[in-house]
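Colleague: Chains A and B supply the protein sequences, listed in that same order. Each residue of the first sequence is one higher than the one before, starting from 1 at the first, in this note's numbering. Each residue of the second sequence is one higher than the one before, starting from 1001 at the first, in this note's numbering.
Honestly, the hints are just simulated from the structure, not real lab data. As the structure is a computational prediction, the values presented were derived from the model and not from experiment. Heads up, the beta-carbon is just placed ideally off N, CA and C, and yes, glycines get one too. Careful, some of the hints might be misleading.
As the list claims (entries may be wrong) - Label-pair ranges, simulated between beta-carbon atoms:
| hint | chain 1 | residue 1 | chain 2 | residue 2 | range |
| --- | --- | --- | --- | --- | --- |
| 1 | B | His1018 | A | Gly202 | 44 to 52 Å |
| 2 | B | Ala1131 | A | Gly142 | 49 to 57 Å |
| 3 | A | Glu269 | B | Gly1017 | 55 to 63 Å |
Unchecked claim - Sample of chain A residues facing chain B (criterion: CB under 8 Å; computed from the structure):
| hint | residue |
| --- | --- |
| 4 | Gly112 |
| 5 | Arg121 |
| 6 | Met292 |
Stated by the list, open to error - If you want the footprint, here are the derived chain B segments under chain A, 3+ residues with CB under 8 Å:
| hint | segment |
| --- | --- |
| 7 | 1077 to 1091 |
| 8 | 1117 to 1128 |
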Amino acid sequence: MPKPVPTQQLIDNLLRGDRLALSRAISRVEDDAGEAARIVQAVFAHTGKAHLIGITGAPGTGKSTLVSALVASYRARGETVGVLAVDPTSPFSGGALLGDRVRMTSHSGDAGVFIRSMATRRGTGGLAKASADALLLLDAAGFDRILVETVGAGQAEIEIASVADSVVVVEAPGLGDEVQAIKAGLLEIADIFAVNKADRKGAARTVAALEMMLETGGAAAQTIFHHGQRMEAGAAASEIDGRDGWPIPVLETVAVSGGGVAQLRDALERHRTWLDESGARVARESRRLDHMLQTLVQAEMLARMERTLSPGLRSDLVDRMQRRKTDPYSAAADMVKKLST
Amino acid sequence: MKQSQIRVLIAKPGLDGHDRGAKVIARALRDAGFEVIYTGIRQTPQMIAEAALQEDVDVVGLSILSGAHMTLCPKVVELLHAQGQEDVLVLLGGIIPDEDAAQLKAAGVHAVFGPGTTSAEIIAFIRTAMAGG
């Protein structure tokens, strides 16, 4: 095996827009917490410029195809696009099959597009952390728009999309009623709904159902449509997620043919303008950074726990819990106490 | 041993659309704990090299049943080297005559797997190669 490129050289090349350096840097932040710290420290000052767009939805709604169509739409305007496509790691083997590129081959050969697949790798430091780092690297590499695509199932995946500047939730007709979307927790994070495969039967019904949801339920909708009556609830919600006052559009798209994609791009542009004018962009970024800080501190505390506490302590406490000599809360308090002394 | 997760690109260059083999291998490699990026059929060597670069893979697995391997494989190797990925392991699966296989190995393909190869053999080959063997 050849000697790996020194990290500093990688960082310099990445900031110059070198694609191989960007690619290798993403691998390093994914694989190694120490390298992640070093690389992010070096590039962080160069981030904060890109428009970060989260795209999420149930499997089979056509997210990848829609992402590809959106990329084409931005490219037609001369904007550069980075894509982070996140797919789940198998909990059984630790492997992953990442197939999003299959729908994105039309951008091959375009130096203004960079597509990276990422597996969730649960349990090895957290998906939220690895993907947040990768997004910072894409930002530092200078892409105008960064699309992060995740399956809208599972807390971590929704979390990733929800920290974006603009969040598109993709639905499709015939995948179950709107209650499914509520259950998945997707309604609360959407800035824009795209009902994809809108040429199929039932699309109008899906659109109507979503519009009705927005008018009658959902935390985000309450702050918009019932602002007068729900001032307190609205204010509290908007403080958290900065969605107050944005009328969530429900758009129809046919990603395969590009239908409705220009409208989606325009809606994203309106949302970006709204973010800037309303101050929500600042609120979102602050929430994103706070989230990162929290994730990193948690990871560091866990690592410190592993490092400093005697290896037998945990199994000992578990053993005592099992014999009902102690309980989970007291055991946890015990460990935390040992950490802080 | 490579400490990090092993990433493998599975691609089908050329014009034949017979992707069953590629998909079976992709799945077997995932089940072996690798991260497999599947690119689909009808890929040009340029598309494959570009995907390998963006995905920073350790291994590129090519599946060819069209008979065009003597053109396509050396081109993929050449492009990978030209973009600074000389260290990527290039594997080929398909119906490849022995004399072709020898020439391809000389051209930088690390291994050629013909019909009857088990997934386990391929997995073992990758693991050994990644361990520096």
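Colleague: Determine for every hint whether it applies to the structure shown.
Modeller: Tested hints:
Taken as a hint, the range 44 to 52 Å is violated for the pair His1018 of chain B and Gly202 of chain A, whose Cβ atoms sit roughly 35 Å apart. In this structure the hint that Ala1131 of chain B and Gly142 of chain A lie 49 to 57 Å apart at CB is violated, the actual value being about 37 Å. Look at Glu269 of chain A against Gly1017 of chain B: about 39 Å separates their beta carbons, and that is not inside 55 to 63 Å. Contact between Gly112 of chain A and chain B, as hinted, is not supported at the beta carbon level, the nearest pair being about 13 Å apart and thus beyond 8 Å.
A least Cβ separation of about 7 Å between Arg121 of chain A and chain B falls short of the 8 Å threshold, and the interface hint therefore holds. A hinted interface residue such as Met292 of chain A counts as satisfied when its beta carbon comes closer than 8 Å to some beta carbon of chain B; here the least separation is about 22 Å, so the hint is violated. For the segment 1077 to 1091 of chain B, the stated coverage by chain A is satisfied: 5 residues place a CB nearer than 8 Å to a CB of that chain, which reaches the threshold of 3. For the segment 1117 to 1128 of chain B, the stated coverage by chain A is not satisfied: 0 residues place a CB nearer than 8 Å to a CB of that chain, which falls below the threshold of 3.
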